[in-house]
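From first to last, the protein sequence lines stand for chains A and B.
What the first sequence shows, in my numbering, is residues 149 to 255, in sequence order.
What the second sequence shows, in my numbering, is residues 37 to 487, in sequence order.
These are computed hints drawn from the structure, not numbers from a lab.
Check before you lean on any hint, since a few could be wrong.
Stretch-level coverage of chain A by chain B, calculated; a stretch enters the list once three of its residues show a Cβ under 8 Å from a Cβ in chain B [stated by the list, open to error]:
# : segment
1 : 159–170
2 : 185–191
3 : 198–206
4 : 246–253
Just so we're clear, the structure is a prediction, and the values are computed from it rather than from any experiment.
Idealized CB from N, CA, C, for every residue including glycine.
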Amino acid sequence: MNSTRQEEGARGRVVRLTEQARAPVRFFLDGRACTALAGDTVLTAILASMGALRGSDCGPEKRAGFCLMGACQDCWVWQEEGPRLRTCSTPIAEGMRLLSEAPGDWP
Amino acid sequence: MSARVAIVGAGPAGARAAETLVAARLAPIVIDEGAAAGGQIYRRPPAGFARTPEVLYGSEAAKARALHAAFDRMVAEGRVAHHPRSSVVALAGGELYVLGEAGQARIGYDRLILATGATDRLAPVPGWQNAGVYSLGAMQIALKAQGVALGRRIVIAGTGPLLTLVAAQLRAAGASVAAVLDTASMREQLSGFSGLAARPLVAARGLAMRAGLGRLYHAGVRVEEIEAGADGVAAVRWRDGRGHERRTPCDAVGLGWHLQAETHLADLAGCRFDYDETWAQWLPRADRRGRAGEGLYLAGDGLRILGADAAEAAGRVAAAACLADLGLPAPDTAADLRLLARSERFARGIAAAFPWPAEMVRTLPDATVVCRCEGITAGVLRATTDYGGPDANRVKALGRPGMGGCQGRYCRLASAEMIAAHAGCAPQSVGRFRAQPPVRPVPVGAWVEKG
Chain A
149 MNSTRQEEGA RGRVVRLTEQ ARAPVRFFLD GRACTALAGD TVLTAILASM GALRGSDCGP
209 EKRAGFCLMG ACQDCWVWQE EGPRLRTCST PIAEGMRLLS EAPGDWP
Chain B
37 MSARVAIVGA GPAGARAAET LVAARLAPIV IDEGAAAGGQ IYRRPPAGFA RTPEVLYGSE
97 AAKARALHAA FDRMVAEGRV AHHPRSSVVA LAGGELYVLG EAGQARIGYD RLILATGATD
157 RLAPVPGWQN AGVYSLGAMQ IALKAQGVAL GRRIVIAGTG PLLTLVAAQL RAAGASVAAV
217 LDTASMREQL SGFSGLAARP LVAARGLAMR AGLGRLYHAG VRVEEIEAGA DGVAAVRWRD
277 GRGHERRTPC DAVGLGWHLQ AETHLADLAG CRFDYDETWA QWLPRADRRG RAGEGLYLAG
337 DGLRILGADA AEAAGRVAAA ACLADLGLPA PDTAADLRLL ARSERFARGI AAAFPWPAEM
397 VRTLPDATVV CRCEGITAGV LRATTDYGGP DANRVKALGR PGMGGCQGRY CRLASAEMIA
457 AHAGCAPQSV GRFRAQPPVR PVPVGAWVEK G
């Protein structure tokens with residue numbers, strides 16, 4: 149009863165429990181088109197179809213955010229252009245192009 | 037020109053402080069990381085979400101509605117200069133260094149009220165660096181502000197009022213909670229009972245919620261390890277109150293041992309700190325009206341972890357102290373001061389009932405990651421203590437715990453506990469990690485002059 153609309157792939161980490169009557173938003177993750185809902189944070193949007201956000205800086209494990217209140221800085225991801233962004237406090241926007249791995253020219 | 041008063045934070049304390057100043061015809065500057073006022077406790081979902089405050093905040097809905105309405109009205113009438121989605125990253129020379137969506141700004145002030153709130157107090161657990169481990173606050177924010185659960189099968193572990201509350205809220209919303217693991221024993225919980233009598237209704241509500249968890253709830257637990265595969269969390273291994281080993285499969289874990297005051301800006305503002313045995317953390321020093329220095333006031337959980345009702349009172353009290361110090365008429369705060377005293381008795385009871393898991397932290401295996409940002413293990417921390425000595429800031433400088441993106445917020449208490457245990461002294465004797473600006477990461481370009 150809770151899943152009137154499932155994202156493509158559908159094996160994401162987050163489970164939508166309510167508030168699903170929102171407009172769809174299209175964005176790109178690693179070049180692949182994904183759908184989120186207007187009002188999602190980037191974190192929610194990515195984790196709706198993925199288990200994690202990116203690899204760790206300092207270990208073999210993946211990271212998927214930790215505090216969701218802008219204090220831990222665990223949830224950043226790359227954008228195809230421009231600076232990295234903190235996914236827990238950034239709303240998803242139409243056409244965003246995000247990366248789960250460093251861009252090719254990353255030093 | 038009237039005095040420029042800046043308030044950092046628009047939760048219960050900051051919002052009520054602003055209201056008190058506005059009533060005295062001042063126009064305070066309010067800088068807040070949230071998109072709308074309310075803080076974490078009364079956080080509002082983005083536009084387009086439909087749940088009512090009654091669904092979002094339960095028994096506290098009326099308080100949330102009142103706080104939101106009071107603040108929004110002041111903004112609409114132009115009585116406060118509101119800077120939402122903005123972080124104060126440093127302060128010096130009577131100026132706040134603010135980073136917002138539109139870039140950086142420096143905002144001057146004559147007096148400063150810090151209402152920075154609290155974050156989850158975390159203890160490291162082997163494996164807690166893996167994807168799918170979140171703070172309890174994160175679990176609650178995901179539910180409240182996004183309507184989502186952060187996993188399909190969730191284990192909740194730690195201690196404190198939030199442990200029961202988050203588990204109950206997740207279940208009520210339709211999430212699957214596999215176990216609720218409380219590191220506080222029933223004996224410890226009973227020891228705080230006399231303090232809880234200071235607010236019997238709140239205590240009764242908590243007990244009823246606990247009863248609703250039924251057999252999911254376990255007291256006196258030792259959390260041994262979070263097991264993970266390539267995609268993140270797979271299970272929690274734990275020992276029950278009788279010492280029997282248990283294993284609960286799951287894909288997400290919510291961890292939290294009550295709260296810690298958010299004090300980085302208070303530190304930069306020059307506050308003195310005292311170690312508080314009850315709350316097992318360093319807290320800024322202030323008088324009972326929140327005065328913490330020349331023109332500096334603290335209010336809410338950033339000063340003492342007393343909860344939302346007390347934070348509203350503390351906001352009014354600090355603003356009244358500010359008005360009195362400016363030589364302006366200030367409202368009577370006797371009732372608020374009484375509420376603060378009662379809340380402190382209750383909160384000390386809570387802190388005693390749900391203690392920091394000192395023994396668990398002291399005996400963490402050497403391979404455990406303590407600093408999640410830099411991947412610093414318990415073994416490195418102990419080895420650094422051996423050659424650097426039992427001094428928290430020296431161990432930080434030499435071994436790098438607390439040097440990452442979170443600025444030590446989530447490992448500082450555990451690091452001090454482990455350094456002290458390794459050296460055979462008390463945690464307060466090793467000191468605390470000093471805050472350094474910027475207190476949030478800042479892109480290098482933000483303060484580079486265009487030229």
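Outcome of the hint check:
no.	hint	in the structure
1	159–170	holds (count 10)
2	185–191	holds (count 4)
3	198–206	holds (count 6)
4	246–253	violated (count 0)
This entry does not satisfy hint 4, going by the numbered hints stated previously; all others are met.
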